[in-house]
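Engineer: Numbering of the sequence shown is given in our numbering, commencing with residue 1 and proceeding in unit increments.
It is possible that part of the hints are untrue.
[Said to hold, decoys possible] With a cut-off of at most 25 Å between alpha-carbon atoms, the simulated SDA-like pairs for lysine to any residue come out as follows:
(1) Lys30 to Ala55
(2) Lys251 to Asp320
(3) Lys239 to Ser208
(4) Lys128 to Asp61
(5) Lys9 to Asp61
Derived from the structure by calculation, the hints contain no laboratory data.
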Amino acid sequence: MPYTIGVPKETQPGERLVAIVPEVVSRLVKKGATVQVEKGAGAGAFISDEDFTHAGAQIVDRAAAFGSDVVLKVRPPSDEEIALFRKGAAYVGFLAPLDDPKRSARLAAQGVTALSMELVPRISRAQKMDALSALSSVAGYRAVLLAAGILPKFFPLLSTAAGTVRPANVLVLGAGVAGLQAIATAKRLGAKVSAYDIREAVKEEIHSLGATFVELPLEIGDMQDSGGYAKALAEEKAKRQTELLVPFIGKSDVVVTTALIPGRKAPVLITEEAVKAMKAGSVIIDLAAPNGGNCELTVPGETVERHGVTLVGALNLTADMPVHASELYARTVQAIVQDFTSEEGFTVKFEDEVFAGACVTHDGAVVNERVKGLLA
């Protein structure tokens, strides 16, 4: 009997992505799966139920989608959704296990084997499964477009009959995937771009995109962990870092912040003093807002004005581009499903480093050591 893959509709306010798209449905059906998509699940991404049925999916109600052998989602499941999983089912999707470990405990109690997209190891073989990177590129792109729409100035250098208009100065703080995409997008729009990151390893990547790397007289050593993420700075050095960044922030028309450390509150990079140093009309797009923000004046989920500067605390910029964001996310999910399913269904493979790294719950227990430590 073919195993079933269920795709519920996302219900978190503002979320428009769907965990699967028709091209991925076709591939999974050819591999022997029965794909069950909740009615209306793709509406936010402009995918109709007919598009899904044409690709080979079955349109079902919410209970049937959650009652599948493998459930695919974008947003972490709510308590009400966890109760709909059947015992022994598998979950593949975002889970935020380091931010909300109790959710993982509830999934374990429900008997669900859960793979967290946030915990997929950053190794070569798993690049095709890296949903964080895929969606971060969307967020970085949208952040710059949003800033360009708010800034009361042109981005590019313009020569007109009335004189020359100087290009906008854009500063990107944090040069991970989102930051690098922000740099590339700002450069395409003609801005003068500079970027800062505590990881010396990304300096070449910043230069390759045509941006200037901001050098601070701060001895910090190797600040990249084994997963490619930035490490947290000691309190004294973190304070010194914010002080040294003030003049660079002050001369910027736009600042895009992207610095996040998994499982922690976002580090403060922009103090109120730095905001005061900026010209009136300047813009800060804080992509770290979901984890508190890189600017101490950011209000998560809101756009506010402080000292003449517009601060955008957007929580989900990827939802502004649901078509391509859904396509990218669905391909990363497909890669995981194909690696860990067979004709018989979902296969538990703790000997596989990707599975072992991403698996948070199995057989009624939380199995990820970091999450277990947070629950202790």
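Engineer: Next step is simple, just say for each hint if it's right about the structure.
Structural biologist: Do the hints match the structure? See the list:
no., hint, result
1, Lys30 to Ala55, "10 Å, holds"
2, Lys251 to Asp320, "29 Å, violated"
3, Lys239 to Ser208, "29 Å, violated"
4, Lys128 to Asp61, "30 Å, violated"
5, Lys9 to Asp61, "10 Å, holds"
When each numbered hint is compared with the structure, violations occur for hints 2, 3 and 4.
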